[in-house]
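Asks: Residues per chain, in single letters:
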Amino acid sequence: MNARLNPWLLSAPALVVYATFLVVPLFLVFLISFFNFEFYGGIEQAFSLANYRDIVTDSYYYEVYARTFGVAAAVTVVSLLLGTAEAYVLSRMSNRWKGIFLMVVLGPLLISVVVRTLGWALLFGSTGLISQGLMALGLASAPVNLMYSNTGVIIALTHVLVPFMVISVWASLQRINPSTEAAALSLGASQFTVLRRVIVPQIMPGILSGSIMVFAMAASAFATPAIIGGRRLKNVATAAYDEFLNTLNWPLGAALAMLLLLATVLVLVSANRMIERRYGAIFNQGQR
Amino acid sequence: MNFRNGPLALLFHVLFIGFILAPIVMVCAVAFTSEGFISLPANGLSLRWFKAILDNPRFIDAFWFSLGLGALSATIAVSLAVPGALALARSRFRGREALLAFFMSPLMIPHVVLGLAFLKFFTSAGLVGTYFGLVMAHIIIVMPYALRLVLASATGLDPALERAAQSLGATGWTTFRRIVLPLILPGVISGWVIAFITSFDELTMSIFIASPSTTTLPVRIFLQIEDTIDPLVTAVSAALIYATVLVIFVLDRAVGLEKLFVGKGR
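Keeping their order, the protein sequence lines are chains W and E. So for the first sequence, my numbering puts the first residue at 2; every next one is plus one. So for the second sequence, my numbering puts the first residue at 5; every next one is plus one.
Excised from the complex, chain W in its bound form (with noise of 0.2 Å):
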């Protein structure tokens, strides 16, 4: 056997498979956002900017980005906050409970986004029992709407991604010599120290590679901006859908969809190479 050719032969399927349905699409994609779109001449195969220029230049999809990007850093900040305290409390549970609330906190992953979706959609209209809840409990005097606010779209979109926040401090809570923990304590620092100099500063990669995940994913959700935000409320995937699929003007979809394809890539690269040069010892995985 070639052992030098052999790596490549193998992977080739699968690299014919990815150059057809992943590199053409893309190319092709990347291509028509410079084509112009004339409202009754249709799609006009001419190279230009202009696409990328409405957008920069309109000042309502300034807002749609604003708002993709202003919703993803309110969802990861809430996200990190709640899922690495949840890690940190779960691994200091019994076993058994730990498999049981581990199943609780990840299993939703499992169940598609649409139905958790319903669930917030269901609970946030004005006679939802959030609604209802906040009324009993004297916090608000009038009912309030969930539905189409910035607001229900952070609450439901958290608890999409948060599970992903919890795996990934949970990952890097098992690598932690719990010896270093009671060092520490023997040591007379208090319960509070001990977390913020010796837990938090070992499981940061894990704390920052879950915010890349979460701020990613959020910034380039579709189906719980389209539900809970509505029409009126557009983040950049909704827009997109909706010049590709109502309006039917694909140029312009397809810059909406490359710039946010440019600005997920750069975050998820630089912030990867960012943490594998400050943790690199620690954090040799190779893949996310």
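For the record, the hints were derived by calculation from the structure and aren't laboratory data. All residues carry an ideal CB built from backbone N, CA and C; glycine is no exception. Some hints here could point you the wrong way.
[Claimed, not checked] Calculated Cβ distances over 10 Å to all of chain E for the following chain W residues: (1) 25; (2) 37; (3) 53; (4) 59; (5) 66; (6) 67; (7) 93; (8) 106; (9) 117; (10) 135; (11) 139; (12) 168; (13) 189; (14) 191; (15) 254.
[As the list claims (entries may be wrong)] Derived EDC-like pairs (lysine to aspartate or glutamate); straight-line CA-CA distance at most 16 Å: (16) W:99 - E:256; (17) E:55 - E:234; (18) W:99 - E:262; (19) E:55 - E:39.
[Unchecked claim] Chain E regions said to be covered by chain W (calculated; three or more residues, Cβ under 8 Å): (20) 11-23; (21) 66-79; (22) 89-103; (23) 109-116; (24) 163-170; (25) 206-212; (26) 219-233.
Based on these hints, arrange chain E on the given structure of chain W.
Replies: This is chain E only, laid out in the frame that chain W set:
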């Protein structure tokens, strides 16, 4: 050394679990309503909306369609991933890192980008609305998940076992079938499972390329919700939750959910 959670930590935990379960429990509860509109079942539980699913072939058809699509694309993805993973796990060669990054790259691409890329490509290639196109698109989406888990189990493989088999006269194919495959089987199975689930739940990309005759269950549910949220779509969702909970229990026993998602392991 045994660490314990304080009362504050446990209170947080209870609230967090409540947050995780709230929307899921809500769907399951509303599905049992006896009313013709969205409401909690105040006047006793009723199965009328679950019965109504049976009279609505749209959801049933979409369910079987998604099941078949998931199984087919997971199977093809795994059969592409196994040789690829073996190549990546067994040899250090130039371009190995780049190849791995390329195989993993669909994870980085927002599904909405893939959706419109496939719509554009299929329109040009005359594949729009075809089953073939949908399967190929799903293969691309599930490949990274399948590859990651197969790769994790192939990386731990002892090359001496293969050499031993071959020195005893086994052909390459026999070595693969009798030695390598059984050893990486846990990774292959969990890779298939996660690929199947990813395909079964996929919405964002599929909605671009699904035609009326190739509508998956998530697309069907989404279009229904966009139109109107009624007890019927809630009952369909609840049925899906019950089925998934069953799958979660089985998976947790068989593979361990943690392993399925972390997928690391060297």
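Asks: All hints are to be evaluated individually against the structure, with a verdict given for each.
Replies: Checked hints:
{"no.": "1", "hint": "25", "verdict": "violated (6 Å)"}
{"no.": "2", "hint": "37", "verdict": "holds (16 Å)"}
{"no.": "3", "hint": "53", "verdict": "holds (15 Å)"}
{"no.": "4", "hint": "59", "verdict": "holds (19 Å)"}
{"no.": "5", "hint": "66", "verdict": "holds (13 Å)"}
{"no.": "6", "hint": "67", "verdict": "holds (17 Å)"}
{"no.": "7", "hint": "93", "verdict": "violated (5 Å)"}
{"no.": "8", "hint": "106", "verdict": "violated (6 Å)"}
{"no.": "9", "hint": "117", "verdict": "violated (6 Å)"}
{"no.": "10", "hint": "135", "verdict": "holds (14 Å)"}
{"no.": "11", "hint": "139", "verdict": "holds (19 Å)"}
{"no.": "12", "hint": "168", "verdict": "violated (5 Å)"}
{"no.": "13", "hint": "189", "verdict": "holds (16 Å)"}
{"no.": "14", "hint": "191", "verdict": "holds (13 Å)"}
{"no.": "15", "hint": "254", "verdict": "violated (6 Å)"}
{"no.": "16", "hint": "W:99 - E:256", "verdict": "holds (13 Å)"}
{"no.": "17", "hint": "E:55 - E:234", "verdict": "holds (14 Å)"}
{"no.": "18", "hint": "W:99 - E:262", "verdict": "holds (11 Å)"}
{"no.": "19", "hint": "E:55 - E:39", "verdict": "holds (14 Å)"}
{"no.": "20", "hint": "11-23", "verdict": "holds (count 7)"}
{"no.": "21", "hint": "66-79", "verdict": "violated (count 0)"}
{"no.": "22", "hint": "89-103", "verdict": "holds (count 8)"}
{"no.": "23", "hint": "109-116", "verdict": "holds (count 8)"}
{"no.": "24", "hint": "163-170", "verdict": "violated (count 0)"}
{"no.": "25", "hint": "206-212", "verdict": "holds (count 4)"}
{"no.": "26", "hint": "219-233", "verdict": "holds (count 7)"}
Comparing the model with each earlier hint shows violations of hints 1, 7, 8, 9, 12, 15, 21, 24; every other hint is respected.
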